[in-house]
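Trainee: Below are the chains, spelled out letter by letter.
Number of protein chains: 2
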Amino acid sequence: MKKYIPLFVFCFLIPLLLLSQEIKYFDYSAYVDPFSGTKNMGHTYPGATVPFGMVQLSPETDTVHFDLNGKYNEDVYRYCSGYQYEDNTIVGFTHTHFSGTGHSDLGDFLIMPTTGEIKLNPGNKFTPHSGYRSVFSHANESASPGYYSVLLDDYDIKAELTATERTGFHKYTFPESEASHIILDLCYGIYNYDGKNVWTFVRVENDTLITGFKMTSGWARTRFIYFAMVLSKPIKDYGFKREDGSVYRGFWRRFNQEKNFPEAAGREIKMFINYSTKQNEEIKIKFGISGVSSENALMNLREEIPGWDFDTVKDIAREKWNKELSKVEAELPGEKMKMFYTSLYHSYLSPTIYNDVNGDYRGLDMNIHHSKDFTNYSTFSLWDTYRALHPLFTVIQQKRVSDMVNSMLVHYEQSVHKMLPVWSHQANENWCMIGYHAVSVIADAINKKLTGFDYNKAFDAAIKTSNADFYDGIGLYKKYGYVPEDLNSNSASKTLEYSYDDWAIYSAAKTLGMKNEENDYYKRSLSYKNIFDASTGFIRAKDSKGEWKSPFAPLSTLNQGYIEGNAWNYSFYVPHDAGGYIKLLGGENAMISKLDSLFTMYVDDKYFKESEDVTRDGVIGNYVHGNEPSHHIAYLYAYAGAPWKTQERINLIMNTMYKNGPDGLCGNDDCGQMSAWYIFSALGFYPVCPGTNEYVIGAPQVKKAVIYLENGKKFNVVTDNYSENNIYIKEVSLNGIKLERLFITHEEIMQGGELRFVMSSVPDKERGKNKEYRPYSMSGY
Amino acid sequence: MKKYIPLFVFCFLIPLLLLSQEIKYFDYSAYVDPFSGTKNMGHTYPGATVPFGMVQLSPETDTVHFDLNGKYNEDVYRYCSGYQYEDNTIVGFTHTHFSGTGHSDLGDFLIMPTTGEIKLNPGNKFTPHSGYRSVFSHANESASPGYYSVLLDDYDIKAELTATERTGFHKYTFPESEASHIILDLCYGIYNYDGKNVWTFVRVENDTLITGFKMTSGWARTRFIYFAMVLSKPIKDYGFKREDGSVYRGFWRRFNQEKNFPEAAGREIKMFINYSTKQNEEIKIKFGISGVSSENALMNLREEIPGWDFDTVKDIAREKWNKELSKVEAELPGEKMKMFYTSLYHSYLSPTIYNDVNGDYRGLDMNIHHSKDFTNYSTFSLWDTYRALHPLFTVIQQKRVSDMVNSMLVHYEQSVHKMLPVWSHQANENWCMIGYHAVSVIADAINKKLTGFDYNKAFDAAIKTSNADFYDGIGLYKKYGYVPEDLNSNSASKTLEYSYDDWAIYSAAKTLGMKNEENDYYKRSLSYKNIFDASTGFIRAKDSKGEWKSPFAPLSTLNQGYIEGNAWNYSFYVPHDAGGYIKLLGGENAMISKLDSLFTMYVDDKYFKESEDVTRDGVIGNYVHGNEPSHHIAYLYAYAGAPWKTQERINLIMNTMYKNGPDGLCGNDDCGQMSAWYIFSALGFYPVCPGTNEYVIGAPQVKKAVIYLENGKKFNVVTDNYSENNIYIKEVSLNGIKLERLFITHEEIMQGGELRFVMSSVPDKERGKNKEYRPYSMSGY
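Protein chains in written order, with the working numbering: chain X, 147 to 927; chain S, 147 to 927.
To be clear, the hints were calculated from the coordinates, so they are not data collected in a lab.
All figures in this text were calculated on a predicted structure; none of them were measured in a lab.
Heads up, the beta-carbon is just placed ideally off N, CA and C, and yes, glycines get one too.
Please note that a few of the clues may not be correct.
[Stated by the list, open to error] List time: in silico DSS-like cross-link candidates among lysine-lysine, alpha-carbon distance up to 27 Å:
#, chain 1, residue 1, chain 2, residue 2
1, S, 564, X, 382
2, X, 691, X, 661
3, X, 625, S, 405
[Stated by the list, open to error] Now the stretches of chain S that chain X is said to cover, found in silico as 3 or more residues with beta-carbon under 8 Å:
#, region
4, 362 to 368
5, 508 to 515
With the hints as constraints, model all of the structure from the sequences given.
Mentor: Quick look at the structure:
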């Protein structure tokens, strides 16, 4: 491990690969495996992107269509990111992908290079040579941050991809052929269904420039995406095929509009370009995108990739990754190094930039807006990411936090609902999952004193959002003190999450000195108590008459009032008031015992099959790590005075729920939340209750780590006596002073310094007994 | 007739109706009948609009859908403008209409006020009370320039409409009702078919503002239109209905998004607003539109109608009409006064403004552009309007001519085809009809020395357009010297029109001193000779081997190589070289005799049924006035030295092909071409060959007319000895000097002065015998 060699040394040791800038950062990219999570349910993609980039240029390994009449389509679900590691054909390369989501969309503008007979149908993976798709082998495939390459066996074409923020860069090395082709298929899409393509529009502006747009109605209901495609080799012969049915266009079809005619439009357009190529001839494509216009897509492309040097763009992409990855210089044993940096890589894939180089972006009102003083972001999968991903950004991406909050605020302003985003998706609100967790991100940023956004505006938006009575039971929740299950389903989960969100508002109100709101939201944040069923010891759905939902099946996730979790997992969801919940349960021992049961009980497979994205891999006992509601649970032992059990469980989760390789993730990565959980936990602390300034101490997996803060300071984590067996904490010290507390604060990190763990094979069962050292709990202990 | 009373007198005589401006113009609007042409095939609309306005707010009397599998759908064709006078129900009021077109589109954003049970289906005209439509009676209907009113019998609601350039203003007077409604139906459209609505999007921004857009694929393939709708009465209760099928949207339908939920989107959205109204309560709606964004639609609305005073807006609209109508102060006998001003009104309905108040507009590249120094126009139905409408504008709307040429030039620049418009249609080229007649408009403007546009740029665009080889046989035409019928249909018509267009380019080249182009296009403009069949005496389609199209049926319009005309009518289409054509025919007598035959021969009905928009009403003998190719023919007698026959025919055409009333037009008004023909002819002269500076003298129908020129001068037409029987010209004088010439020049008009006709019941058969007095002919006589 050479990462402590002074940076200037690298400047001499490593050849100057980049023309435009010196190498400044250690090559942490070498530890990143973009294939991690591409098998089974990780839903990550292996393609080329830069940190938080708008373009994710990645291969598609199949075409599957949604059956809108079916309730649920497992096949489509497998292709949330377009790529499944077990497939052996590649359909083409598209420019937009979500990382790790549990529903999906995108897959815009498929490019496929082929030779021989022109095929405009992608074909079928069971009869691979039937369409334009190609067989490939993982032996001829490679991926690293900002770069992807594969040999397309059917055509003997080597495909290489890299990217900038808003532009994909393709390089195809062709064999000698009189019949080489580039296919641009605008019909392809992820989570496709008949009718998803609302409109497609293509223009051949000149012999190297193609522009156009696509409008889709999928997870995002009204989504526009524009492109500009520049080819290195002039186009002489090309054509279009319109796949959708007949339309009225007057009776004027007097001239051929399918062959070498420079414009096409329709619901489903495909384009092909014919070339003749020499052996090893390279055809390169720069492909800019924009949510605003094709003009802006071209501007993005020209600004970001002025020349044709693929390797330079690729090297710059890697350097961007190294810059961001270097914010945590960590040392972990063996293969865990790869796990750590792959997780950090995944944490930087979302949210995604959603404005053009000049600041233009499309708002939810479908009007074009301009982000003068901030970078606009989209892809806020907030139900997932408010837990650990956004808190991680408050430590190592503070500038982006303010940009993200500003993005949420313009979303709020431009939203006709006057709500902060639930799931912000390219100028659309897709309403995915529950809660209004943007308020958590905002409260966290306010309470941690992050700058660059208007506190009052943000607070006001949080208040308005929490009073959008039409939304998902908020009005009912305010009226009844809980969401009644008979009037709005998944009511127990909603009540719990609204309680936490309201606590977040309460905490910000306190910081800002808003007394009225502080009082109001204090009360609202205790709503969870209204659905605690003392007779069963669970948080349980209740109807509008005050009757408990029956029959009660605490292991089931179906029709019990929970979503993506059962009563066991969801009942612990009181991150802001663990002490209050412990009291409800009957004390610390009851809490510890219940937590132990969760992690150790046997649960029949059938219960996991009920849940839409959890496999047995993502489970320890009845603890479900593959879904987010449980992510804080292992840390709750600390709140009950048994931090050694937290240490044990965290160690177990890190060692069993995460691994390297395509099947490295035990569930959807969920836009980085699963990965951010690992980053925090491996560093030895975790934000159980975002909005507090506390990170609860778990058990580190790093031997050493230096966190480079944006204020110029460094926060070091050092783990003494590190070994596989020494999973318990013997002692913690902060800046050389012994730390009895079970948490560290955000301010302590920001001041820089050293957090030192001394590990042991023996648990310290006395640690944490003293309640004054325990983490924040609203009602105390 | 008081029109010679000095203008200042009116300022004192007429009460000041308008708050914002003084009345300056005589009320020629009183002579305009917006119902003219609304019966049968005139295809005009009776609703409210201002001169060249982007908004045409007008009633729809039925919903008909196109059968895409059928060849031709007569029902749809009848509703090109949404309104048929014979209907007795009104479906609602929409904001956009073409005037007099022969295919159609638009009919955007239908508003219908109703009471009682909410109906969201328009119902059927045969069972009128089945849907939201209402029975109405012409007795309770009225229309005048800028205003339309009707009583909706089913609901006892009085509907009144007025408009500004970009905003419609609705005023509905309700009865007392607990169940009053406003329907906003985004599904309705003219020339509708299943799938025409590509997308609709609506937001309730607050309790008086609704915004949204619609995207359609009809005659315009990729058309966006945005709106902002402001209501005078706050909305409390509303809902949406989505008429299209199911779509994927994740599985998140947890809350009611149909009732009082402020956003809806889908292929087919309808909205309703519920009110309770008092007796005679007025609900007013201001409805702004834009091709750019809903933000701009709102800006247009706010700029153009800041207040709520319906009558003021209505009065201003009328005043705008009076201003434009007053450019020709004409006196005609009796009912002809109405015919003249209704024709002038129709001449000012197209082209239509296509930019927002700030200059923004959508280009053919779908990007948003800005018209800094000109007003951008759309709705260029050039195959029709280059003949008389655009030449009319060169006399009385010179500023608009330069704006229109500039609009054509940006169309050219933004078009991926690098072609001037064929049929420019809201950021789309709909390719309707043949030729590249924009070059005629440009050459005419250059040759007449109109200013305000870049001659070189315009000339260059004309050259490029005429060399767009992919377009409709241009490449073939250049190669063969004619369009071969076997390779491209309607080839005779195309060859003729390309010849004329090429002459127009030749003439501009001459003006601009472009010697090479002058020579090239001189040759191209003689191409018509390549398809003159001396054996039959007709212009006739020829194949690529030089064989005449056979069997030859000179009366048929079907499959003979002509479009909207037969061999008889089309063969005279050599407006730039009548002399050359006369020589081909064998001399003047042959020409006169052939013209006589055309006007007098008997043609079986079946031939007119073949033609898509000609009825027996639009025909004299075999002369078809209802379609444009013949519009110059009656003037051709003058070229053969028999102007007295021109006088006779013109008089006949004016008296039989035009009349007042709903059935006043003998065919489609074609965006004002039919009407402009009448204006010119009634004034006594006509632009047979636009691009020359000549107007060929016919026979006036005005007793007097003053043409107010934009250079401040006046050109007077005076007709002495005027009577119904005195249809022949005895003498013409210009500024008191006897005019032997059979034409006047543009410069003569522009200098101001007096053109005096002395009429007689006896033809002057000697007039015009001298060839030097005859109008321009390229090859001479």
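Trainee: Hint by hint, note whether the structure agrees.
Mentor: So, going through the hints one by one against the coordinates:
no.	hint	in the structure
1	S/564 x X/382	holds, 17 Å
2	X/691 x X/661	violated, 33 Å
3	X/625 x S/405	holds, 20 Å
4	362 to 368	holds (count 5)
5	508 to 515	holds (count 4)
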